[in-house]
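With chain A held as given, fit chain B onto it using these hints.
Chains as they are written, first to last, in my numbering: chain A, 1 to 160; chain B, 161 to 714.
Derived by calculation from the structure, the hints in this document are not laboratory data.
Note that CB positions come from ideal geometry on N, CA and C, so glycine has one too.
Any given hint could be a false lead.
Unchecked claim - Once the Cα atoms are required to be at most 20 Å apart in a straight line, the calculated EDC-like pairs of lysine to aspartate or glutamate come out as: (1) K63/A / D471/B; (2) K466/B / E59/A; (3) K62/A / D460/B.
To be verified - Okay, the calculated beta carbon distance ranges per label pair: (4) L188/B / K79/A: 55 to 63 Å; (5) T152/A / K172/B: 47 to 55 Å; (6) T152/A / H451/B: 45 to 53 Å; (7) P233/B / K2/A: 56 to 64 Å; (8) D290/B / G21/A: 17 to 25 Å; (9) D160/A / K172/B: 43 to 51 Å; (10) N490/B / E55/A: 31 to 39 Å; (11) H451/B / G14/A: 42 to 50 Å; (12) D359/B / L128/A: 52 to 60 Å.
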Amino acid sequence: MKHTISVLVENKPGVLARVAGLFSARGYNIASLAVSETLDPDISYMTIVVEAEDEKILEQIKKQLNKLIDILTVTDFTKKEHVDRELVLVKINYSAKDKARLEGLLDKYVAKIVKHNAEKNIAIVEGLGKQDEIKQLLEGLKPFGIKELVKTGRIAMGVD
Amino acid sequence: MTGAQILIECLKREGVEVMFGYPGGQVLPIFDKLYDSDIKFILTRHEQAAAHAADGYARATGKTGVCLATSGPGATNLTTGIATAYMDSIPLVAITGQVKTFLIGNDAFQEADVTGITRPITKHNYLVKDIKDLARTVREAFHIASTGRPGPVLIDIPSDIQMQDTEFIWPEVIELKGYKPTAFGHPGQIKKAVKLITDAKKPIIYAGGGVITSGASRELRELAEKIQTPVTMTLMGLGGFPGRHPFSLGMLGMHGTAYANHAVMEADLIIAVGARFDDRVTGRLDAFAKHAKIIHIDIDPSSISKNVKVDIPIVGDAKNILGQLLEEINKVPDTADWLKIVDSWKKKYPLAYKDKGKIKPQYVIEQIYEATQGDAIITTEVGQNQMWAAQWYKYSLPRTFISSGGLGTMGFGFPAAMGVKLGYPERIVFDIAGDGSIQMNIQELATCICNKINVKVAILNNGYLGMVRQWQELFYKRRYSQVCITSPDFVKLAESYGATGILITRKEEVRPAIDKALATDNVVFMDFRIEPEENVFPMVPAGEAINRMIEGLA
Chain A
1 MKHTISVLVE
11 NKPGVLARVA
21 GLFSARGYNI
31 ASLAVSETLD
41 PDISYMTIVV
51 EAEDEKILEQ
61 IKKQLNKLID
71 ILTVTDFTKK
81 EHVDRELVLV
91 KINYSAKDKA
101 RLEGLLDKYV
111 AKIVKHNAEK
121 NIAIVEGLGK
131 QDEIKQLLEG
141 LKPFGIKELV
151 KTGRIAMGVD
Chain B
161 MTGAQILIEC
171 LKREGVEVMF
181 GYPGGQVLPI
191 FDKLYDSDIK
201 FILTRHEQAA
211 AHAADGYARA
221 TGKTGVCLAT
231 SGPGATNLTT
241 GIATAYMDSI
251 PLVAITGQVK
261 TFLIGNDAFQ
271 EADVTGITRP
281 ITKHNYLVKD
291 IKDLARTVRE
301 AFHIASTGRP
311 GPVLIDIPSD
321 IQMQDTEFIW
331 PEVIELKGYK
341 PTAFGHPGQI
351 KKAVKLITDA
361 KKPIIYAGGG
371 VITSGASREL
381 RELAEKIQTP
391 VTMTLMGLGG
401 FPGRHPFSLG
411 MLGMHGTAYA
421 NHAVMEADLI
431 IAVGARFDDR
441 VTGRLDAFAK
451 HAKIIHIDID
461 PSSISKNVKV
471 DIPIVGDAKN
481 ILGQLLEEIN
491 KVPDTADWLK
501 IVDSWKKKYP
511 LAYKDKGKIK
521 PQYVIEQIYE
531 ATQGDAIITT
541 EVGQNQMWAA
551 QWYKYSLPRT
561 FISSGGLGTM
571 GFGFPAAMGV
581 KLGYPERIVF
591 DIAGDGSIQM
601 NIQELATCIC
611 NKINVKVAIL
621 NNGYLGMVRQ
631 WQELFYKRRY
641 SQVCITSPDF
651 VKLAESYGAT
661 GILITRKEEV
671 RPAIDKALAT
681 DNVVFMDFRI
691 EPEENVFPMV
701 PAGEAINRMI
711 EGLA
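Isolated chain A, as found in the complex (with noise of 0.2 Å):
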C-alpha cells in the first residue's frame, strides 16, 4: 500500500542521499520524491511516497527517517487530513481537426495544451490533479496516441 509522507530537512550536501541511501539499504520502496527549498532556505520539503506492506514496515521507514540527524520533522499523512497534487506533462498526437475533441476531454481536468507544435501535428498538454484524476486523463489521452510523458512526484500539505 501506498503512504504519502513529508519531512522538513536540513537544507545541506547530501540530505537527499542520506534519505535515498537509508531507503535502498533497508530495502523500502520509494515510489516517488518530490524536494523543493521552504520559505527558510536552510530547511526544505520532502514528499515521499513510499510502499509498505504493512503497518510495521511504515513505522519503521518513519522511525528510521527521523534518526538522520538532518531531518527535523516526520509527517505521515496516511490518517490525516491533507491536499496532494501531481503534474503531468504528455505528448500527443494532434492536429487542428482534433480541437474539439481534445477540447472537451481537457474541460473535464485542470488540463490544458501548452505546447503545439502544428508543423509535426504534436501538442504537449499539462494536467493536474490527484493520482486517479491524472490516471483518468491519461486514459482519455491515449486514443490521440501518447508519444511521451513526464510526472512530477507527488507533492502534499497538511490542512491542519
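Structure of chain B alone, referenced to chain A:
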C-alpha cells in the same frame, strides 16, 4: 589559526588523550601540528587497526575513540572498523583527509567519496568545505558520537581547509534541531511496565549492550534482586550483570546456555533492556517466547518493534529508566517457584565439555579466568574463540568483555586490545584469538612493541577457520571447503617482532604458560594447539527456535 590547529585545539577541548592512525599525503598539515601536540598518537601498521584500536579504547573507557587516516585508501581502510563500531553503537570519531576542495570530484590521486562510502555505516558524517565550519563540526561530531545511541561519526577534511587560516571560535552551545535523544522514560509507560512486572509469575530480564553504554549495571542488579528475576545477557551485554551472580543465566541465543534459552521461551514476561532482538538471539521469530509479554527499554525508537512486537515500549536512557522503575515498584512479584524451575535447568543443562584428548579451548579460557581471578579485560576475535570466551570466562564488571558483536569482524580483537590497554595501562588485557582471526591484523605486533603495549594474546590454534568448519561439519556433510588454514610459527613470528612467544601442546602446560605470560613484561603470543575439531555447544541451528539446541554432550 590554521584548520589543522583548530582541529587539534578542538580535540584537546573534547578531552582527547590518545588517538590512533596513519599519516599520508592529504593529512600532512594535521600531522605537522600533531608534532607539537600533547595528544598521544599511536601509529598503527594498518588503518583498519587504528579504527579497531580507537573502538576498543572507547568500549573499555566509555570515552569517545578517535582515529585519523589520509584520503582514499587510508579512509577506505578505516571502513571495516567504522562499520564494526556502528553495529555495536560505539562512540568513535574518525577523521580523514580529503583532496583539496577544488579537486573534489576530479578523480584526483588518492581521492575517494568518503562521506558517500561511509554514509550507511556512520551515525552521521561531514565533509568540511569551509574552514569557518570546522570547529562547530568537530564539536557536533563528538556530541553526536557520544550521546543518545552512540555511534561513529566521520569528518572528512580537505587538505586546503587544513592549511587555511581563520579566527578560532569554540562554539559553547551545540544546536542540532533534528537531534534530541530522549533521556527519561514516559511516566505512563513506566506505570504500565510496573503493573506487568508486579503481576508476572515467570519474568526474565534480557540485558544488552545498552546497559553497558548507559552505565546501568548497578540499577540492573538492584532491579533483578528487588523483583527476584533471573538475568540473561546478549554477547554485547556480558559484564552488564555479574556472571557469578545466582540470578545470572549467562548468554542467550545461538550459542547461549540451554537454561537461558529455556527460561526465555517459558517466561511470561521479558524485560528487554538496551537490547535489540537480533536474529542470533531470537532464532526463529514466530516461535520466540510465545507466552511472554514484552517490556522493551531502548534509547533508539527504531529498535522497538523492529523484529519482535513489543507490549510496553519505553524509549530513553536505560540507567534513567531502570531508576524510574525501581522507584515505582512497591509490590514484588512472587517468583519463588519460577526461580526453582530455572535453577533445575541450570543443574540439568550446565555448560560442559569432554576434557580428554588434546587441549580443550574451554579449559584454556577457564585457566585464563582463574589465573587472572576474573580481573582481566578480555577482547576476542570472531568465531569459535569468541563464543568460548563468552561462555567460559565469567565477567563480573561492565566493559571487561570487548567483542565485535553485530558486524562480527575477524581481526578486531588484537588491535582492540591495544586500545583497551592504552585506556587501562595497569590492567591485564587478553585477546582470545583464533589462528585465522589473529592473522587478519597480526601486523599490529609492531605497534605493540614500539609503544610497549603489553597485551597478551591467547591463540586457540586448531588449524581451521573453526566456526565455518563447524557449520560445514554439521550442515554441509563435513565437506570442508577452504577452512583448513596454515599459520606461521607463531612463536618465531612473535620473537621476530621482539615479543615473547610460547608454544603449548599439552594440557599440563596450559596454566604454567598463562602464569608465565602474566609474569612477562612484554607482549606475549601463546600458541595453544587445541583439539582441531572441537565444536561450540550448545548451538541453535540458524532459523530454529532457540530451545531446539544441539547439545553436543546430550
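Results for each hint:
For a cut-off of 20 Å, the pair hint linking K63/A to D471/B stands: about 18 Å separates their Cα positions. Between the alpha carbons of K466/B and E59/A the distance comes to roughly 9 Å, so the proposed pair stays at or under 20 Å and holds. A hinted pair counts as satisfied when its Cα atoms are at most 20 Å apart, and K62/A with D460/B qualifies at roughly 13 Å. Separated by about 57 Å at the C-beta atoms, L188/B and K79/A satisfy the suggested range of 55 to 63 Å.
At roughly 50 Å, the beta-carbon separation of T152/A and K172/B lies within the given 47 to 55 Å, and the hint holds. A hinted range of 45 to 53 Å for the beta carbons of T152/A and H451/B is consistent with their spacing of about 51 Å. Distance hint for P233/B and K2/A: a CB-CB separation of about 43 Å, inconsistent with the stated range 56 to 64 Å. Checked against the hint of 17 to 25 Å, the C-beta distance between D290/B and G21/A comes to roughly 24 Å, which is consistent with it.
Checked against the hint of 43 to 51 Å, the pair D160/A and K172/B passes, with Cβ atoms roughly 49 Å apart. Checked against the hint of 31 to 39 Å, the C-beta distance between N490/B and E55/A comes to roughly 36 Å, which is consistent with it. Take H451/B and G14/A: their Cβ atoms lie about 46 Å apart, and the range 42 to 50 Å holds. Between D359/B and L128/A the C-beta distance comes to about 57 Å, which sits within the given range of 52 to 60 Å.
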